[in-house]
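Protein chains: 2
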Amino acid sequence: MAPAALIHATYRIRALPDEAERIARFIAYEQTVELPPAQVSDPRILDEIVGRVQSLEPAEPGFFHARIAFNAALAAGQLSTLINLVYGNVSMYPGIRLQALQLPDSLLAHFDGPRYGIDRLRQLLDVHDRPLLATAIKPTGTAVERLAQLAHDFALGGGDIVKDDQNLVSDDFDGFRFRVEACANAVARANRSTGGNTLYFPHLAAAHADLPRYAEFVRGIGLRGVLLCPGIIGHDHARDLAARFDLIHMAHPALSGALTQAGDNGMEFGLALGTLLRLAGADISVFVAPGGRFRFTDEQAASLAHACRESLGLLAPVWPCPAGGMDFERIAPLCATYGKDTVLLVGGALLGHDADLARGTRAYLDRIRGAMES
Amino acid sequence: MAPAALIHATYRIRALPDEAERIARFIAYEQTVELPPAQVSDPRILDEIVGRVQSLEPAEPGFFHARIAFNAALAAGQLSTLINLVYGNVSMYPGIRLQALQLPDSLLAHFDGPRYGIDRLRQLLDVHDRPLLATAIKPTGTAVERLAQLAHDFALGGGDIVKDDQNLVSDDFDGFRFRVEACANAVARANRSTGGNTLYFPHLAAAHADLPRYAEFVRGIGLRGVLLCPGIIGHDHARDLAARFDLIHMAHPALSGALTQAGDNGMEFGLALGTLLRLAGADISVFVAPGGRFRFTDEQAASLAHACRESLGLLAPVWPCPAGGMDFERIAPLCATYGKDTVLLVGGALLGHDADLARGTRAYLDRIRGAMES
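Each protein sequence line maps, in turn, to chains A and B. Note that this note's numbering has the first sequence beginning at 27, numbered continuously upward. Note that this note's numbering has the second sequence beginning at 27, numbered continuously upward.
Among the hints, a few may not be true.
Some chain B residues close to chain A (C-beta under 10 Å, calculated; not the full set) [to be verified]:
1) GLU74
2) ALA101
3) LEU111
4) LEU134
5) HIS136
6) ALA231
7) HIS234
8) ALA269
9) ASN291
Derived by calculation from the structure, the hints in this document are not laboratory data. Built from N, CA and C at the ideal position, the CB exists for glycine as well.
Input sequences plus hints: build the corresponding full structure.
Right, dumping it as structure tokens:
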């Protein structure tokens, strides 16, 4: 595999000491030729196609780290193929977790990455020195006028991004149009009265064939972004939709727990919700913050925030967006932990903070500004 | 929620006895309104939107089974929305596994299901009384003439379905066309010489926006089916592609281990690779057979085969397709275990069985016929 660009994938393997090497070799063959070593004799295939175990180190008791090199050409510059190459089949083998991924620049060059990312979104919002405040309109089942009112009041209070809850789904296009227009108009009205730039992101959810029409409508009425669920609709699909219609891509982590919470299987948190989402062109990566109603650890969150912003070829960084059971008292520590290039997504706690949502939003923004000054 | 059709979802919850009820209630709220109970007071939303914990039973020590009813209207007749509704957010909560799903006929009526399934595929092949024999051409990196020769020889031996290995990916459309035409022509030549009906299924892999063109080409040259990876490209996307171009949908389980092998998270095996794939219109569901190089249990495989064929509204059954480290000696027991409505996918073992692949294929088919007669 002499001059080829390489992908380096590190797997955490659950294995007895005498089987670790066999399993590492199994991964290298399974993910490339999908044949047992005895059946691969062509020197060119052994040289250019079969993965190479580059190192195997003991990790915590009962586990090993195997670093495997793959010819980057096998990813064919395609996101779906890359996912398949590094984790497709071995996802089914108990006790193999994808821990880290190093991608060569020649492969990264196939990906546009976040098209808005941190800088362009700041420009759109004209907010430069603090974390952004986002909220979700919900619950589903609420009358559209009430949802539009919530969006309006958040915008009136100066909030940055109001998105649909990912459970807000319409049965058909007319229902979608009615709801989205009402909320978009409400936010525009508030923006005119404040001179502000609050953005509203509807959730694009429909049968597959209808999604382009929905996206086109959203862009057509002047909205700048959408909420997508790449873990459900497919990462490369989400990438394509946002790029084709020039929409800011806020990625919701629905179903991502199947990867991140898969015990000894699955993918490391930052890899699943940072690196993969940047390749999928996400501009904002929503994740559940430690300390909320989910049970993520500070370490997992730090790994995610790092993966969102670390150097990755020429790809722009993506906003980490902690969410899930946030409240007013946690704003200052969250600002300290994640820093200014963060979107704080506050749902229920913001709705419950003050009967006047505009005033509650201002209180949260003051809290954020205060945290950044201290 | 009086007259509404209901989805019944059963979750396996890892919990101490005194927290099980809270977690069950958490699921019911999280998956619908995504708000804490204290913030939901609208009687209509409580009645029509919030999930209902219908039962909570102790399971094995440390675990409970919670059965939760959701208003089926919340799935909006969309596969992506259904997945989101039953497992989107709680996938991220450690120790919640989706164990079973009962879907009402009114929801199932939105799905066409397998368009070929068992009956129509048998008609196309004119094979009525035995399991089907399938193989994969591989490894990637092999010269196209050699891949075409393998496809040809399998067809010459009377094999039923030859598919691309899911690692066979081309960099561009011209490479795809060249490879697929060569293999299609080789299989057609063998069919003319045998009078047989061997089918060739290419793997549809490309950047999202290119896939329709690839599918159209495949159908245009008269091929009847494709291999798709719904776990990577998205279930509803795979459904749409196969339906739009009237292609038999052979579903590869790449990345599905993130669901099935997720320890105390994820989804039950038959649900992920049976029920969900039927909703995604798969005609054949490839899974790793117990006893092969992966470590699936007989119980998991039986659950999958059952989910592939059990009554599910008006949806046709899907072929279970055990694969992965199959060999000649396992053919008879596999036929006995899974019965005649099964596709046996034999890759490396068939290539290694006889230097003459046509002869090896005949030997496997004889073995299958013998197993069905005994």
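Outcome of the hint check:
1. GLU74: At about 6 Å, which falls below the 10 Å cut-off, the nearest Cβ of chain A leaves the hint on GLU74 (chain B) intact, so it holds.
2. ALA101: Because about 8 Å separates ALA101 (chain B) from the closest Cβ in chain A, which is inside the 10 Å limit, the hint holds.
3. LEU111: holds, 7 Å
4. LEU134: violated, 15 Å
5. HIS136: Status holds, d = 9 Å.
6. ALA231: holds, 6 Å
7. HIS234: holds, 4 Å
8. ALA269: holds, 9 Å
9. ASN291: holds, 5 Å
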